[in-house]
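Student: Okay, here's what each chain looks like letter by letter:
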Amino acid sequence: DGGITQSPKYLFRKEGQNVTLSCEQNLNHDAMYWYRQDPGQGLRLIYYSQIVNDFQKGDIAEGYSVSREKKESFPLTVTSAQKNPTAFYLCASSRPGQGNYGYTFGSGTRLTVV
Amino acid sequence: GNSVTQMEGPVTLSEEAFLTINCTYTATGYPSLFWYVQYPGEGLQLLLKATKADDKGSNKGFEATYRKETTSFHLEKGSVQVSDSAVYFCALSDPGGSYIPTFGRGTSLIVHP
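Protein chains in written order, with the numbering used here: chain H, 1 to 114; chain U, 1001 to 1113.
Same shape as in the complex, but just chain U:
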């Protein structure tokens, strides 16, 4: 079956530091890959996506590249802000799985001023 593995948190950084949150996946088909962000007490919001190998998704300074050879989709940002503090979820959607999304466990990011 499909699965998504994320690095465990919390990840604690100072403002303007470089961020990497690792995500690897297992899928039976050719999935689309996503990063979602969840702020405290709220639902998830789509942050970025990539639908095929070597695609790069980007939004609000965040980037992730779909690496089929390493089955990875790591999230990066060059300079984090306090307002980026949230929980980040990696997810996949596989047409072989009727597009039912599979989520990782989430990684909490805490950014200090």
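Chain H on its own, in the form it takes in the complex:
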């Protein structure tokens, strides 16, 4: 079955360390998104990519970086510049220009600073 796989499910980061969250999809979707979810704040867009080798900043991109070298993959790096990274991170995908079909989400990665 097609879907989005996020890994790891749980991740612990030490102060000053960079960590990378994986997001892989086999839906043949062109567009992919990263969201951060904090309690009571809903979902906030970090980065999105509508085509391979291109990506755009979302509302809270500072302290994060992404790459889109393959259609199937959109990894997110949480850098040491992100001062409050503890959150639940969600990856999603869709076909660009077909947003009325909705979005498919992965099961999330919970990142904790230790």
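Don't read these hints as lab results, they were simulated from the structure. All figures in this text were calculated on a predicted structure; none of them were measured in a lab. The beta carbon of each residue, even a glycine, is placed where N, CA and C say it ideally should be. Incorrect hints may appear among the rest.
Every beta carbon over 12 angstroms from chain U, so not counted as near; a handful from chain H, in silico [said to hold, decoys possible]:
1. 15
2. 75
3. 81
Residues from chain U that face chain H, not an exhaustive set, calculated with beta carbons under 8 angstroms [what the hints assert, rightly or not]:
4. 1034
5. 1042
6. 1043
7. 1046
8. 1101
9. 1103
10. 1104
11. 1105
12. 1106
Got chain H sorted already, so can you dock chain U onto it with the hints?
Tutor: Positioned in the frame of chain H, the structure of chain U alone reads:
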């Protein structure tokens, strides 16, 4: 810009009670509207959608009608079950915004036996 406003939770109901979760939106174009559900520790799942005014989306006993005149998309269910306990997100996708989805803050639903 686009925005989605949902009623604050938690909404606490007894099993078999009627559910309404209010959602209103602001959009520059003619958006598609969605409800997503999130169970604890999981990602979001699409529950239902409507793509134009007066459309009714429905799934698993949940319904929502796209009301352009009141810019609303309220979620309803006639008889909730304990298994419906989750967080519900209203969202819109606007072609004028390159289809980047905008989400509400989510409403937690707790159903007691």
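Student: Are the hints correct? Go through all of them and say.
Tutor: We went through each hint and held it up to the structure:
With a closest Cβ-Cβ approach of about 26 angstroms to chain U, residue 15/H is found to remain outside the 12 angstroms limit, as its non-interface label requires. Distance to chain U confirms residue 75/H as a non-interface residue, since its nearest Cβ pair spans about 17 angstroms, more than 12 angstroms. Every CB of chain U lies more than 12 angstroms from the CB of residue 81/H, the least distance being 24 angstroms, so the non-interface label holds. The interface hint given for residue 1034/U is met, as the beta carbon of that residue sits about 6 angstroms from the closest beta carbon of chain H, less than 8 angstroms.
A distance limit of 8 angstroms between C-beta atoms decides the matter here; for residue 1042/U the minimum to chain H is near 5 angstroms, and the interface restraint holds. Below 8 angstroms, beta-carbon pairs count as interface contacts, and residue 1043/U has one with chain H at about 4 angstroms; its hint therefore holds. For the restraint placing residue 1046/U at the interface with chain H, the shortest Cβ-Cβ distance is roughly 4 angstroms, inside the 8 angstroms limit, so the hint holds. Here the hint on residue 1101/U is kept, as its CB sits about 6 angstroms from the closest CB of chain H, short of 8 angstroms.
Annotation: interface hint on residue 1103/U holds; nearest CB of chain H at approximately 4 angstroms, less than 8 angstroms. With a cut of 8 angstroms, the hint placing residue 1104/U at the interface with chain H holds, because the nearest CB-to-CB distance is about 6 angstroms. A least Cβ separation of about 4 angstroms between residue 1105/U and chain H falls short of the 8 angstroms threshold, and the interface hint therefore holds. Look at residue 1106/U: its Cβ gets to within about 5 angstroms of chain H, closer than 8 angstroms, so that hint holds up.
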